[in-house]
Amino acid sequence: MGKRTVIPFGPQHPVLPEPIHLDLVLVDETVESAIPRIGYIHRGLEKLVEKKDFQQYTYVAERICGICSFMHGMGYCMAVESIFEADIPERAKFLRTIWAELSRLHSHLLWLGLMADAFGFESLFMQSWKLRELILDIFEETTGGRVIFSVCDIGGVRRDIDGATLNKIVNILTDMEKELREISHVFFNDHSVKLRTQGVGVLSKQAAFDLGAVGPMARASGIKLDMRCRGYAAYDRIKFKPIVETEGDSFARISVRIKELFQAISIIKQCVALIPEGDIKMKITGNPSGEHFTRLEQPRGEVVYYAKANGTKYLDRLRVRTPTFANVPALLETLKGCALADVPILILTIDPCISCTER
Amino acid sequence: MSYFSMSKILLKNLFHGPYTTLYPIKKKESFGRTRGRIEIEIDSCIFCGLCQRRCPTGAIKVDKANTKWSIERFQCIQCNYCSEVCPKKCLTMENQYTSPAHEKVRDERIKCTNIQSPNT
Amino acid sequence: MEMEQQTVRMISPQDLLADTLRLKNGGYRLVAISCTNKDGMELSYSFDKNYELLTLRFVLTEEEQEVESISVIYPYSFLYENEIKELFGVRIKDIAIDFEDSLYQIPVKTPFGRKEGDD
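Those protein sequences? They're chains A, B and C, same order as listed. Mapping the first sequence onto this note's numbering, position 26 (from 1) lands on 26, and the numbers just tick up by one. Mapping the second sequence onto this note's numbering, position 69 (from 1) lands on 1069, and the numbers just tick up by one. Mapping the third sequence onto this note's numbering, position 64 (from 1) lands on 2064, and the numbers just tick up by one.
If we strip away everything but chain A, and leave its shape as in the complex, we get:
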């Protein structure tokens, strides 16, 4: 039996983009268990729904997190639209899908960069973020914002993308795909990347299910769980298959996310080919009354929006269950028995978003 030590990890740490605190119980250099602590950036945004009317809250919902901001806005709008039983215009559904998939591209590229940075591959980090910049420019051109778009609204979307711009987006993505293949070649084949990730933090299929993992974390362990299969927005008219790997290690999680990049590009191209002409927004009048659970697939996994309305312009309750919150138990499991040096990589493989987690 080696010496037992407790090391506080975070809330400030070079690999952590946002503050989470873990108490790591170590035996020599091996982690025996980890105890999480959150709340450093708890802002009480769920409570704010009682102070801002349901239209204004769209802008608050988008600000829950800076990376999946569009999907938070979209989830909130979908929940309220479901309470109104509103069927939004087709074109708006396709535009939402396009922006959602662009968000997935930008989120996964950001994560790939952070991951490369975590195992010390600085130039790969720069390459990923260089590509991400192209997506941010598309956002700025189509919505006006680079991170927060304020483009989703209850009843549809607030900006249209004209045909020329849609074709331009497709051209940018086609060029980007080539560069993406070059970086993914590095991630898939490089000796040092494989050494740091293969066989590290293995989560079996059964364990992933028992711990309630969602998103790429679950899919890397062989669980076919992708909320997009429910066919919200325009996903019911798009051909795609959830990307599933079976190894369940850190390498499989990288692999799932890289393959999802190509999948996102394919989905956007299909949307551009299928998008119908028409209105982008429908008028919604009155105040909502009722409740609804909405689930959608964010870059990090399944998010649940629960909205409860009482017939006034202020909602009674908005509950957001974010993917990182669901993935924390799986993270704690993978940390057990790993080396201290692998802890940063393992924390990154769940793609943690603490702002989302605490709201």
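Derived from the structure by calculation, the hints contain no laboratory data.
Straight-line alpha carbon distances no greater than 25 Å define the calculated DSS-like cross-link-like pairs of lysine-lysine that follow:
1. K281(A) with K1089(B)
2. K259(A) with K194(A)
3. K239(A) with K2049(C)
The model shown is predicted, which means the values in this text are computed figures rather than measured ones.
Chain A is already provided as a structure; the job is to place chains B and C on it using the hints.
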């Protein structure tokens, strides 16, 4: 397993030169939709106060008695909600954002109402 | 628009463990535990199987009423339960990993459990 997998990309980058722009010497061009800041065409404003009521952050203040419209620049989140609800469409989103400052900036716009005018 | 099948089943707090165990054996996954503070604490346990959502719900009307933790059945429910305990002040007992009010580093105790004008 491959060892020099990055070399092709690195060589390409070497000949391409920097991908970044030398800010602030060279400024990035903004797009037509870029959200910078809200501006008002004060002469067509009727001071209905709708923008003030709808603003999610409470950045806008409308003073009907003194025909004054003002906005707290750093409180504004560029959501464009005010310009959408404005009945006279006198609020517009400009591309240039407010430059950073050490203090809060409240911009005021006052409509000149010539009440002493002989015509009225 | 696809209207998702959403079943909300009202149960009594005493039946929570038995009903949860039945769902666990039926292959359901715990999606979320939500709490709404309006005319008493309303607890909703949402489960999913094949993209269908099933919610068990009960309302606690008495303030002191205790609720059993479902962490014996779904071990990963401990985060949701600690969160509800710390943010709403619902008394959930026997949580597998009980943080005893130290999961969230917040200065205010049970901030969501308060009503307007409680201070």
